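> Please put together the full structure from these sequences, using the hints given.
Protein chains: 8
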Amino acid sequence: MNQKQLKLLLQMVAERKISIDDAVLKFKKAPFEDLFFARPDHHRALRQGIPEVIYGAGKTSGQIIKITQSILENGENNILITRLDSENARIITQTLPLKYFETAKIGIIGDIPSPNGKGKILIATGGTTDIPAAEEAAVTAEFFGNEVQRLYDVGVAGIHRLFASLDDIMSANVIIAVAGMEGALASVIGGIANCPVIALPTSIGYGASFGGIAALLSMLNSCASGVGVVNIDNGFGAGFLASKINHLGGS
Amino acid sequence: MNQKQLKLLLQMVAERKISIDDAVLKFKKAPFEDLFFARPDHHRALRQGIPEVIYGAGKTSGQIIKITQSILENGENNILITRLDSENARIITQTLPLKYFETAKIGIIGDIPSPNGKGKILIATGGTTDIPAAEEAAVTAEFFGNEVQRLYDVGVAGIHRLFASLDDIMSANVIIAVAGMEGALASVIGGIANCPVIALPTSIGYGASFGGIAALLSMLNSCASGVGVVNIDNGFGAGFLASKINHLGGS
Amino acid sequence: MNQKQLKLLLQMVAERKISIDDAVLKFKKAPFEDLFFARPDHHRALRQGIPEVIYGAGKTSGQIIKITQSILENGENNILITRLDSENARIITQTLPLKYFETAKIGIIGDIPSPNGKGKILIATGGTTDIPAAEEAAVTAEFFGNEVQRLYDVGVAGIHRLFASLDDIMSANVIIAVAGMEGALASVIGGIANCPVIALPTSIGYGASFGGIAALLSMLNSCASGVGVVNIDNGFGAGFLASKINHLGGS
Amino acid sequence: MNQKQLKLLLQMVAERKISIDDAVLKFKKAPFEDLFFARPDHHRALRQGIPEVIYGAGKTSGQIIKITQSILENGENNILITRLDSENARIITQTLPLKYFETAKIGIIGDIPSPNGKGKILIATGGTTDIPAAEEAAVTAEFFGNEVQRLYDVGVAGIHRLFASLDDIMSANVIIAVAGMEGALASVIGGIANCPVIALPTSIGYGASFGGIAALLSMLNSCASGVGVVNIDNGFGAGFLASKINHLGGS
Amino acid sequence: MNQKQLKLLLQMVAERKISIDDAVLKFKKAPFEDLFFARPDHHRALRQGIPEVIYGAGKTSGQIIKITQSILENGENNILITRLDSENARIITQTLPLKYFETAKIGIIGDIPSPNGKGKILIATGGTTDIPAAEEAAVTAEFFGNEVQRLYDVGVAGIHRLFASLDDIMSANVIIAVAGMEGALASVIGGIANCPVIALPTSIGYGASFGGIAALLSMLNSCASGVGVVNIDNGFGAGFLASKINHLGGS
Amino acid sequence: MNQKQLKLLLQMVAERKISIDDAVLKFKKAPFEDLFFARPDHHRALRQGIPEVIYGAGKTSGQIIKITQSILENGENNILITRLDSENARIITQTLPLKYFETAKIGIIGDIPSPNGKGKILIATGGTTDIPAAEEAAVTAEFFGNEVQRLYDVGVAGIHRLFASLDDIMSANVIIAVAGMEGALASVIGGIANCPVIALPTSIGYGASFGGIAALLSMLNSCASGVGVVNIDNGFGAGFLASKINHLGGS
Amino acid sequence: MNQKQLKLLLQMVAERKISIDDAVLKFKKAPFEDLFFARPDHHRALRQGIPEVIYGAGKTSGQIIKITQSILENGENNILITRLDSENARIITQTLPLKYFETAKIGIIGDIPSPNGKGKILIATGGTTDIPAAEEAAVTAEFFGNEVQRLYDVGVAGIHRLFASLDDIMSANVIIAVAGMEGALASVIGGIANCPVIALPTSIGYGASFGGIAALLSMLNSCASGVGVVNIDNGFGAGFLASKINHLGGS
Amino acid sequence: MNQKQLKLLLQMVAERKISIDDAVLKFKKAPFEDLFFARPDHHRALRQGIPEVIYGAGKTSGQIIKITQSILENGENNILITRLDSENARIITQTLPLKYFETAKIGIIGDIPSPNGKGKILIATGGTTDIPAAEEAAVTAEFFGNEVQRLYDVGVAGIHRLFASLDDIMSANVIIAVAGMEGALASVIGGIANCPVIALPTSIGYGASFGGIAALLSMLNSCASGVGVVNIDNGFGAGFLASKINHLGGS
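Residue numbers (the working numbering), protein chains in the order written: chain A, 20 to 270; chain B, 20 to 270; chain C, 20 to 270; chain D, 20 to 270; chain E, 20 to 270; chain F, 20 to 270; chain G, 20 to 270; chain H, 20 to 270.
Don't read these hints as lab results, they were simulated from the structure. Hints may contain errors.
Claimed, not checked - Just a sample of chain C residues kept apart from chain E, beta carbon distances all over 12 Å, derived:
1) 31
2) 115
3) 213
To be verified - From the structure, some residues in chain D lie toward chain C, with a derived Cβ separation under 8 Å:
4) 25
5) 27
6) 77
7) 113
8) 192
9) 239
10) 245
11) 247
12) 249
13) 250
14) 256
What the hints assert, rightly or not - Computed list of lysine-lysine pairs in DSS-like fashion (alpha-carbon distance at most 30 Å, straight line):
15) H:36 <-> H:26
16) B:137 <-> B:118
17) G:26 <-> G:36
18) H:26 <-> F:118
19) B:118 <-> A:139
20) C:118 <-> A:78
21) A:118 <-> A:78
22) D:139 <-> D:118
23) A:36 <-> D:26
24) E:118 <-> C:78
25) D:118 <-> D:78
26) H:36 <-> E:36
27) C:85 <-> E:78
28) G:118 <-> E:85
29) G:26 <-> B:26
30) E:78 <-> E:36
Treat the numbers as computed from the prediction; the structure is a model and nothing was measured. Backbone N, C-alpha and C define an ideal beta-carbon position, used for all residues, glycine too.
Here's what the structure looks like:
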């Protein structure tokens, strides 16, 4: 309930157009409705139709279809479904106009918008096996209106490949450094780049990589400043945070 | 060696104003100077005098004075010294014009500039014991030219205090959520705010908080999207990353 | 052997109705029978038929049927079988009058009694994926005679949904807060509610959630007081403890 | 603002005794005051003066005195200060009427009330070294109006001592089982008692006890049902939760 | 090479019945042959045919048959095969006279000897799910010539069942306490029994039992003295160590 | 109450020499006295005066003196005090006839008895820094009536020193293998010796030894069979278990 | 760009055979081309055709064939494919001349060269289950031109077998000690051998071996000096490092 | 007893210059002396006087002096004492001709020899705080006869400094990469250098660096091949292994 709505309601009370009991009822839920509408997501939702996100892991195709249809009925036209395996995607496609990104394991209803962020999001990976997590980040970022540049397989074992793309690193607005194993890529990029770097550890590796813990710890302890870390394999989180940063102050 | 300098040198070669052997000598160290000068920090350094940072932990006051003087001699006037204990600060002050921020354990040579970022950085803590880490972030952010708003002791145990500042949360450009113990503050703020949130876990707590691990894991697993995490008690890193984000595309 | 029985036996000895050797034999096992009968469970069992619990995980349908029949033969009519997968449930149903709760993975022989606790047990989950653990707690609590109110998918990422149910939180006698990922729900509810809160961490999450450890640590470190934690995914334990609390001093 | 106050205010608006603008002003801060007053703690506070709790660890005696005086000025007369070392206690006593419980490391301003809970809280420890954590729980429970019975040094290494107190275990309303090392006490008591058991792991032990982790894990995995666990050495949390349970439905 | 053999060899040198070079050759490998023959296992092997042990996990039925036949050819008639799954056992039985113990996952070639230890080995488990590990210990102990008494499902959740067997506990020569979850059984038995107790943690449990770590830590930290711990699920090791203890000084 | 006493009491009841009410009173506490006296320790205690053990860590000299005097008054003349630092030992000696073993950090009241075990306990250490833990085991074993042979600094880095004592290894009745760092000594000795081996990991080491965890894990995973492990630095436990094994069936 | 190339280019500038803008372009990428060509791998590549390595895990046979063909087209004739399962190997063989080493899970295109290292690489394993990791190391080392001697199943549980090969240990130039479980083999060999020892922990074991962590920690804490450790199961890394050491100063 | 000595002894037996009983006596201890002398260290010792190493941590100055004097009496003139604090060094210097290296915490008796290895050992650190561990490695390597080149503070946060020393990296025979925090230096150097790289993790860092674990894991998971890792802060081990590699095949 904003100030204008409040004044209106009090006016109605003063003019006895609404009973005091009904007004009390309206106030009772107001704090939480306030909270609800205060959320910019929803302001944006009202203005422009905000994309919805469904976490697909552990859901059946039937459940996903049901949730999706309920969202569509509420007037949201753009839906991102993460962690969607190809079999579920195949089934959903029979019912809904789903675009499926196999490597990213993402399904999309609606369109990927034209980029409207402030700059370019660069996504770099240490190896080819890190690409699925990187693609989850990339498609997420594109879905939220960002220009994405992919720079894959530039890990520190062959560091000359990374330096061959120095211009791209220097001209990015946000960088997502994706790496498993020892995760050194985030530190190296963090030591070169001047823009915010999001470190995305992946579960790639074996033995003492402990499913991504080695990369995660490495990234948290990066000697390069200006690095923020997301959860292991959390490509969506990295892409979404990058998009938030890239749209700051954006029209 | 930037492009202009390179062109100049080649011009001199073309015009035979410099011998080929002397030019070779000049190039010999160039690749790394190139790399060096390619770093935007240094572009900025050339334009406006970039602040230097010294990590004070484990250094004697004598060592810090020596490093500081060497930086000053190189023409840098603004220096930030982190993890500086009060005793070392007291000694350094006898030799150098140090401003000391006791709670933040930060010493500064030179001036804190007027804010020139895009918006406001909000720094919220769960409890009063998280304030030292928060202040390290706050003074760092101020030192790098940001307006900082402090919102301390608004942890989820008394969540109404957090909601009393909903306007501040909604109007921030970047938020740093500082919390120890279970670190839930980052998730709650991340669930409300629309701007990028940097989660700063602190080592506050006991027993199974394991010196900040509980808060760190909590923040990495935040169900709220758009949260990037820094190392435990890494106030400097949080402040520096927030500043980077807040200056993106800044004039 | 209670005091009355002891007196009776000594009387028989005094009256030489029983030989000393036979009396010795009766005493020999008495200490442990004492211990045995001293257990209130069994006092209750004598009065009202106490429900038995079978942990179904790792047992074949054959083994479960055999144990169940042995219990039924001992006169117990109400049996709760936890961690019972649907295939085993299907087979058991062919032999025994089993009611199966698919989501809770619980099978029940006998009836769910009318609630006879002191108040209402509220069970809240952070997300929809936490529902199986929540249902294990819910059906357990109902089986032990409690009124259960479900409040699902009210996690801190959309905290307004939680606050929309503030009345339910305030009127509960015991609350079970069920959450995976960062487990912040327990702290938020613990910070609002005035009744005892049982925190039930779930293994939902990925990466650095470590199969529920992040949520577990978060809950153990809750800055909100009055929170007791059970093992990861231990819905039965949470429901049983809630029931114990809800029946304290109950008639 | 409670419902009664709200009605009153609307009445005044309806009767034009207050201008709409002034009413708006009054509402502006209302949502959070609402939330604030909705918290039962504060309802209780209004009725009977609720005790305040200060976490003393890491605070100077000066800071504690200042916080305490501010609370006293707000009309709260009973204050519990936890983790208060004897030196700080000594200094505070010179300024404030502090009662100090050395073993519990608790200081109290005001009086310990007569017990007004439903039953007795039994606090059992495995060894004598667990007594400090147990006393923190005991004094906390007493401060919040509970009758506390202490049963110390009854660990499973000499299990006959525990059974010698079977009557006390059977007649308790809530039990706090305090143990370090392998923490088996909680399971043994949980296997005997019929009331809710709060397991309080302590950091007592060496080697692979890992500062209480062994006891904590042991308690979380207790094969006895109806056990809720609090953080390592969190005597306050155990005592507070026990008090909450013991006052449920209490007059 | 024992002293007698050495004298013999030197005699032959003195009597020039062997060349010095051949004698040198004989000495060259002597230290390790010494070591080899010094091993009592082999002394025993010479005297009585020592049982051989094959670790079956990760071996194909073909590999096991081949190893077994090679041992049989060397004159060993008694072979114990651990971690042998039922499918492999079925195949091996077609070729070799294998006795298979399904629960213990042990196969035996030859006979289980009459007990020849000093006393009885008691094997107690906390629950029925711990029985496989217990049976691996039991069959191993029987195979090495021990009388084994089984006492299953006497965990601390129903501690009266354990005390009902106090006589068995008191009369055992060695006890193996087998438990998963919180592993408290070892401490309780260790607190009662006067003989050596071997604690065998099992991987039974879920959540924070971490595949047996909780039980392992619990047992290592047992407040009861005289407890030695073996690896998680290492029934063979427990049975073998118990047998060693039970045969000390045995004829 | 043993069987003889029970018969006597029943006889008195049968002969009406005692009233039934008085008999009831006598029985009331009997179950636990039974349990108490059923413990062989106490049977032994009645026969021969059993040594008592005090864990000295974290106790003041005053507390230790008080406990000791209380034990002495109960007629126990032999007391072992572990983890006793030299300063406390110095103070206690002024009041009580304490013998202090500096390296073992053990104090003894009374006499070390002549060895009455079945054989010799060999205690081997990997390095000289493991000696304190070894001495705690050695003095404990001696105090409980065992012949102890020390074999120090025979770690696998200089494995020839270990083999130089092959005879001692072969003739021991029980061996305690004491090692920090990688703890390989237990495996090597376990691979040679035929008697039970108790592995005692020490906290000696640095970096990834994690205060003894590396040695502990190494010992638990020993490829040599017949090894039981005690807690890190638990010399007392190792010595006590070795003594139990060495006295099995002893006269 | 080497000095000669630089002089040539400057000459061309001086002689105006190339425009300054074109020269600038050539310089722009020079630093990284420099870095690229400075890598000895590539110098060697130019001279003799360096073997390429493909990490086969998680790649389809189709992907591997494509990468392999692309390498072959670039003129590299020798390719090592690690972590290649037998099914993928079978498919690839239909297209490419692959030699498959089943135990090592390695496929090779091209020939294994004659050994050209300085000495012999000895590879020792603790058990037969460690052989796959050992073979990965062995085939890798052979592929890079080393003579490899295999010494399998010489673990410390039967240490006499290891000593029977003392000559081989003494004459090796590099030793790879491969062991799971407690990993003591590395320490024992490190204590005997005088050459560099590479410790290769394997994931063999169960319970508290934690998938190789016990062996890894054991090896890192080896009391024997001169031991370098690689990741768990990283046979390729061990073989490659051994080859590097064995080729030092090699022609 | 070497082969020559053995032949001599047998000759004497054959020639009856020694009785068989006396020869038996001589042989009795021979097996282990054999083993002893088979160790190449000791062959070297016979030829050239091998340096001895004392681990100084946890030893008093008195103990160190005593051990040192005993070694000197045995004819060894060169002794390296690691982990020697400055106070102990000061005291020892009063008795023995000790040279003390403060940063390395190493004391040396005797002379540092002229380098006699095959090449140069390069020691690189990520930061200035890693220098103590690096110096322990450097002085150790120098003490064992190696030319050492120091390259400090070239961490990846300022990677241009590392590349400025590309020539040194390319010309080293062995490289020790010393780094704390995220330890990325080892991967970057491993990706550039062609010689063996020893990774030495340090305990430098805070928060989630966990005393060097982050760096250790990072190094074990290095995507660069040919990297062997030593324990955290184990400068001696790194220096000693580097020396072994650098002396392979050395004259």
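> Mind checking the alpha carbons of residue 118 (chain A) and residue 78 (chain A) for me, to see if they're no more than 30 Å apart?
Distance ~18 Å between residue 118 (chain A) and residue 78 (chain A) Cα, so the pair holds.
> Within a Cα-Cα threshold of 30 Å, do residue 36 (chain H) and residue 36 (chain E) meet the stated pairing?
holds (17 Å)
> Hint check: residue 118 (chain C) vs residue 78 (chain A), CA-CA at most 30 Å. Holds or violated?
holds (25 Å)
> Taking 8 Å as the limit, does the beta-carbon of residue 256 (chain D) come near enough to a beta-carbon in chain C?
With a minimum Cβ separation of about 6 Å from chain C (threshold 8 Å), the hint on residue 256 (chain D) holds.
> Assess, step by step, whether the Cα of residue 36 (chain H) is no farther than 30 Å from the Cα of residue 26 (chain H), and give holds or violated.
Holds - the C-alpha atoms of residue 26 (chain H) and residue 36 (chain H) are around 13 Å apart, at most 30 Å.
> If you draw a straight line from the CA of residue 26 (chain H) to the CA of residue 118 (chain F), is it 30 Å or shorter?
Violated: residue 26 (chain H) and residue 118 (chain F) sit about 55 Å apart, past 30 Å.
> Is residue 26 (chain G) within 30 Å of residue 36 (chain G), Cα to Cα?
Given pair residue 26 (chain G), residue 36 (chain G) holds - Cα atoms ~13 Å apart, limit 30 Å.
> When you look at the beta carbon of residue 213 (chain C), is every beta carbon of chain E farther off than 12 Å?
holds (28 Å)
> Quick check for students: does the CB of residue 115 (chain C) sit more than 12 Å from each CB in chain E?
At roughly 20 Å from the nearest Cβ of chain E, residue 115 (chain C) sits farther out than 12 Å, so the non-interface label holds.
> Report holds or violated for the interface hint on residue 192 (chain D), using the least CB-CB distance to chain C and a cut-off of 8 Å.
Nearest chain C Cβ about 6 Å off; hint holds.
> Next item in the hint list is residue 239 (chain D). Is there a CB on chain C closer than 8 Å to its CB?
holds (5 Å)
> Does the alpha-carbon distance linking residue 118 (chain E) and residue 78 (chain C) stay inside the 30 Å limit?
holds (25 Å)
Violation of the numbered hints given earlier is confined to hints 4, 5, 6, 7, 18, 19, 27, 30; the remaining hints are satisfied by the structure.
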